[in-house]
Amino acid sequence: MKRIKVKLVGKGTEEEPFTVNLPTWMMDGEADYVKKECFVFINDDETEKKNGKIKINQQRIRTKYKKNWNKFKASDVELEE
Amino acid sequence: MCGRVHQEDETKLKGTVTQAAKDRTITGTVTVTPSGDMARKAPYDRNVEVKVSFYSALVAAHGSTIRWTYTVPANHTAILTNIYFSASTVIATAGKRCVMDIRTEAVLGGGLFQKICGLVHYSTTAYVTSNTWSTNVIGIAGAIFRGYTDNNDTVSHYMTNNGTFIEFDE
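Line by line, the protein sequences are chains A and B. If you count by this note's numbering, then the first sequence holds residues 403 to 483, one letter each, in order. If you count by this note's numbering, then the second sequence holds residues 240 to 409, one letter each, in order.
Possibly wrong hints are sitting among the right ones.
What the hints assert, rightly or not - Within a straight-line C-alpha distance of at most 35 Å, the following computed DSBU-like cross-link-like pairs (lysine-lysine) qualify:
id, chain 1, residue 1, chain 2, residue 2
1, A, K473, A, K451
2, A, K409, B, K280
3, A, K437, B, K280
4, B, K354, A, K438
5, A, K475, B, K335
6, B, K280, A, K413
7, B, K354, A, K404
8, A, K438, A, K413
9, A, K473, A, K413
As the list claims (entries may be wrong) - Residues on chain B that point at chain A, a partial pick, calculated with CB under 8 Å:
id, residue
10, T316
11, I318
12, Y366
13, G378
Hint data in this document are derived by calculation from the structure and do not stem from the laboratory. For each residue, glycine too, the CB sits at the ideal point set by N, CA and C.
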């Protein structure tokens, strides 16, 4: 698993719970509800190394999950550590 | 006649035997190898991988928050099993509601996910509540499972929400 910083979306309600827009992930520790960000673990095969940093592998997620994920954009989700 | 004959060839084979039987006697064994669904390997022989979705942390009051998501990859099937929840605190609490649950997508409208199992903790003292579920829930490719927490109490709680997924080829 690789640990990355991502955007937290949602309102904390039953209809719109706080969440992360990735297909498979696990939150690490508590989220920052004020800054709307958190750290998550994602599968190794869904990451890649770019400029020495661990990044989401957008293409791998598109092909691995297909269906609703075939237009997934990593830039909409991840944040710089 | 000996050898292995695929199921789809069975009709042709019968025809040949009937025709041939007019002129001579055929002895031997015909083995029909199952094909299609009957020939499928068991799940544990289909590139099994075990994935654990895990959350455990000391968390203050918060609204409904998804702590993990597991989506069944394309061309795969997954079984959710060994579910474990627990909630505890180190000081007496106001006894407000703490909830941990796992939900999956369902046609409820408004994008709501249906709860499949959970734990509700109302304790007014420093106390642990836990629950283990070993029942299997099957998800087809594209199915989504989510682990939620919600703490309406005035103090922080250690909250745990775990599930194990056994993933294999479709």
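- Against the structure shown, which of the earlier numbered hints fail to hold, in ascending order? The structure breaks hints 2, 3, 5, 6, 10, 11, 12 and 13; every other hint is satisfied.
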